[in-house]
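Enquirer: So you can see what is in the structure, the chains are spelled out below.
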Amino acid sequence: METLAAVLVSVIGAATPLVFAAVGELVAEKSGVLNLGVEGMMLIGAVAAFAAALTTGSATLGILAGAGAGAILALIFALLTLTLLANQVATGLALTIFGVGVSALIGRSFVGIPLQRLQQLDLPGLSDLPIVGTLLFGHDILVYLSILLIPATIWFLDRSRAGLILRSIGENHAAAHALGHPVIAVRYLAVMFGGAMAGLGGAYLSLAYTPMWAENMTAGRGWIALALVVFATWRPGRLLLGAYLFGGITVAQLHVQGFGFDVPSQFLSMLPYVATIGVLVAISADGARARLNAPGSLGRIFHPDA
Amino acid sequence: MIWPNQMESNVRPRLETRIGVSRTMVYATPVLALLLTMACGSILFAALGQHPPAVLYAFFIQPISSAYGLAELTVKATPLVLCAIGLSFGFRANIWNIGAEGQLTLGAIAGGGLALWAGEDAGLWVLPAMMLAGLLGGAAWAAIPAYLKTRFNANEILTSLMLTYVAILLLSYLVHGPWKDPEGYSFPQSRMFADSALLPLLTMGTRLHLGAPIALFVALAAWWVMARMFIGFQIKVVGLTPAAAGLAGFSVRRLTWITLLTGGALAGLAGLFEVAGPIGQLLPSISPGYGFTAIIVAFLGRLHPLGILFAGLLIALSYLGGETVQIELGLPLAVAGVFQGMLLFFLLATDVLVRYRIRWDRRSTIEEAG
Chain P
1 METLAAVLVS
11 VIGAATPLVF
21 AAVGELVAEK
31 SGVLNLGVEG
41 MMLIGAVAAF
51 AAALTTGSAT
61 LGILAGAGAG
71 AILALIFALL
81 TLTLLANQVA
91 TGLALTIFGV
101 GVSALIGRSF
111 VGIPLQRLQQ
121 LDLPGLSDLP
131 IVGTLLFGHD
141 ILVYLSILLI
151 PATIWFLDRS
161 RAGLILRSIG
171 ENHAAAHALG
181 HPVIAVRYLA
191 VMFGGAMAGL
201 GGAYLSLAYT
211 PMWAENMTAG
221 RGWIALALVV
231 FATWRPGRLL
241 LGAYLFGGIT
251 VAQLHVQGFG
261 FDVPSQFLSM
271 LPYVATIGVL
281 VAISADGARA
291 RLNAPGSLGR
301 IFHPDA
Chain V
307 MIWPNQMESN
317 VRPRLETRIG
327 VSRTMVYATP
337 VLALLLTMAC
347 GSILFAALGQ
357 HPPAVLYAFF
367 IQPISSAYGL
377 AELTVKATPL
387 VLCAIGLSFG
397 FRANIWNIGA
407 EGQLTLGAIA
417 GGGLALWAGE
427 DAGLWVLPAM
437 MLAGLLGGAA
447 WAAIPAYLKT
457 RFNANEILTS
467 LMLTYVAILL
477 LSYLVHGPWK
487 DPEGYSFPQS
497 RMFADSALLP
507 LLTMGTRLHL
517 GAPIALFVAL
527 AAWWVMARMF
537 IGFQIKVVGL
547 TPAAAGLAGF
557 SVRRLTWITL
567 LTGGALAGLA
577 GLFEVAGPIG
587 QLLPSISPGY
597 GFTAIIVAFL
607 GRLHPLGILF
617 AGLLIALSYL
627 GGETVQIELG
637 LPLAVAGVFQ
647 GMLLFFLLAT
657 DVLVRYRIRW
667 DRRSTIEEAG
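Sequences listed follow chains P and V, in order.
The numbering of the first sequence is this note's numbering, which starts it at 1 and goes up by one.
The numbering of the second sequence is this note's numbering, which starts it at 307 and goes up by one.
Just chain P, same shape as in the assembly (with noise of 0.2 Å):
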């Protein structure tokens, strides 16, 4: 019981990057903005977290800095594609080798520096308990922050007038224009919110899961996170469903070999990714269902003049 508790536990560790990185990409595609830089926001907002919690020695700061790190980095992609139009998938991939090439700039200095993990919330009495204790109650706050971060955007998406309006400029840009809706700035703030959102994943990555900085640390977890949109079909309930799916296959992949499987290394770390195309295969092909919740102007330039 005690092995499945602690396998349970870097399970969650793993998702949680997840979570955060493909909420924020949600929520911003909800709002008709396809934005493939979150590799990149995640990389800025590790190296941010990083360097902020190494000199300052505080990991709330570090936190602050990783979510501020995120958000910049996605205001020059709102400022490009929202206010310059430029094509949205090229501005996207662009953010991403920005990114990694900043990221690997700032923290050049940091690499193998160690960095005492993020502190686990101490609940007294609930976090002794056994099993239980660890599984529900000994995590950092950003794993709690995390899960409360799935039924607030439910609830804002679909219960808040400011959600509705978001997601009708997602759906229909010209429409909520012609109603009065101010869709560049709903949508500048919906960009930002993801890189945010992004950044923190980064901030986990960087402050709790594998507590140090090095280069291009993110291994593709932004683009799974972009996969995992799809997966969920634009549903912030699945999302949380595909990240733990996720953190499962790459927990899975390194216990695989402790099992007395003679696999080589590297066929176990391409799960992931193979895993990926397979639930996108398995998504896609049903291209009615595929489309329900996808967002009708997502990626299309808005100019009111057009």
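Treat the hints with caution; some may be incorrect.
[What the hints assert, rightly or not] Computed footprint of chain V on chain P, listed as stretches where at least three residues anywhere in the stretch have a Cβ under 8 Å from a Cβ of chain V: (1) 88 to 94; (2) 236 to 249.
[To be verified] Covered stretches of chain P, as calculated for chain V (at least 3 residues, CB under 8 Å): (3) 76 to 84; (4) 225 to 231; (5) 272 to 281.
Calculated directly from the structure, the hints in this document are not laboratory data.
Just so you know, even glycine gets a beta-carbon here, dropped at the ideal spot from N, CA and C.
Model the placement of chain V on the given structure of chain P, informed by the hints.
Expert: What follows is chain V alone, placed relative to chain P:
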């Protein structure tokens, strides 16, 4: 932050759609983007405590001030141009293959594997066979996203990228396992290729190899295909107006296959040229991200084969420049990546001038017009 549409001032900028594109701006914006990148780069270098003119000299001039440097420039531009030409076909038709790095890796595995299998006493046939294997290996890797896109409607951006990670892990497995050099002191690397399996050098004392003129030929051929052949016309129509392409009966499905396979084959050839040229064996890492950087090259070159030639040389210079400032000034190699990212940002930002013109309108005139 002030949103343009909420500004309360009397005069505000407005983007007016041009009728057609501005020919001047098509050529002017890459130059403008380069100048802006150099200006921003100078600020960045100053922030890093460097003297900007010295860094700019070390970055842009010093690497190409010798014959050896010029040869190196061509060596680095070769894979970039090959990959970018392949990607540009797809990008023009709105098919976003971003997995050129993986296709490059598979081309290197297929062609390099053939070289290892042929061994020391292979005849003259081995090099052409390796090139064919490189083309086929890359195309086969690109065929997966093509199949998943046309059969299951799976997003090719994500599938082609995921396959890049798989390809790099596959190469890592091969050089750590079955293809490892038994006399390599347990380093993860294959045996060196036999002389007959190496690309001939064009000039002694440099690394300039046969791949460079082939890349040039590919660029010219691509130009002819896009400008003169029906398939080039179809690609352009599908990208510009999918509805018109549908009415004309052009099959998007067929174009998806053609552009992905072509892009994969050219990336695979680029990978083969790397391992049979400058590297000479299989290593865990055979490319400093040429397949990804080729995306920048393709856009910087305006998705036009001749533009891509120039863009390939410029981005190759950024790799050389990055190495020079690393050696001369102790700056990290990542500077090259930052430079490349900035260049693409500025290009995308200034591109707005190609399709729109900026009008400074007074509020009253807008109200009259509206």
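Enquirer: Decide, hint by hint, whether the structure agrees.
Expert: Against the structure, the hints come out as follows:
Using a Cβ-Cβ cut-off of 8 Å, 5 residues of the segment 88 to 94 of chain P lie near chain V, which meets the minimum of three, so the contact claim holds. With a threshold of 8 Å between beta carbons, the proposed coverage of the segment 236 to 249 of chain P by chain V is violated, since 0 of its residues qualify and at least three are required. Against chain V, the segment 76 to 84 of chain P contributes 5 residues with a C-beta closer than 8 Å to a partner C-beta. That satisfies the three-residue criterion, and the hint holds. Closer than 8 Å: that is the beta-carbon criterion, and the segment 225 to 231 of chain P has 3 residues meeting it against chain V, so the requirement of 3 holds.
Remark: the segment 272 to 281 of chain P is confirmed as covered by chain V, as 6 of its residues place a Cβ nearer than 8 Å to a Cβ of that chain, reaching the required three.
Figure legend: structure checked against the earlier numbered hints; the only hint not met is number 2.
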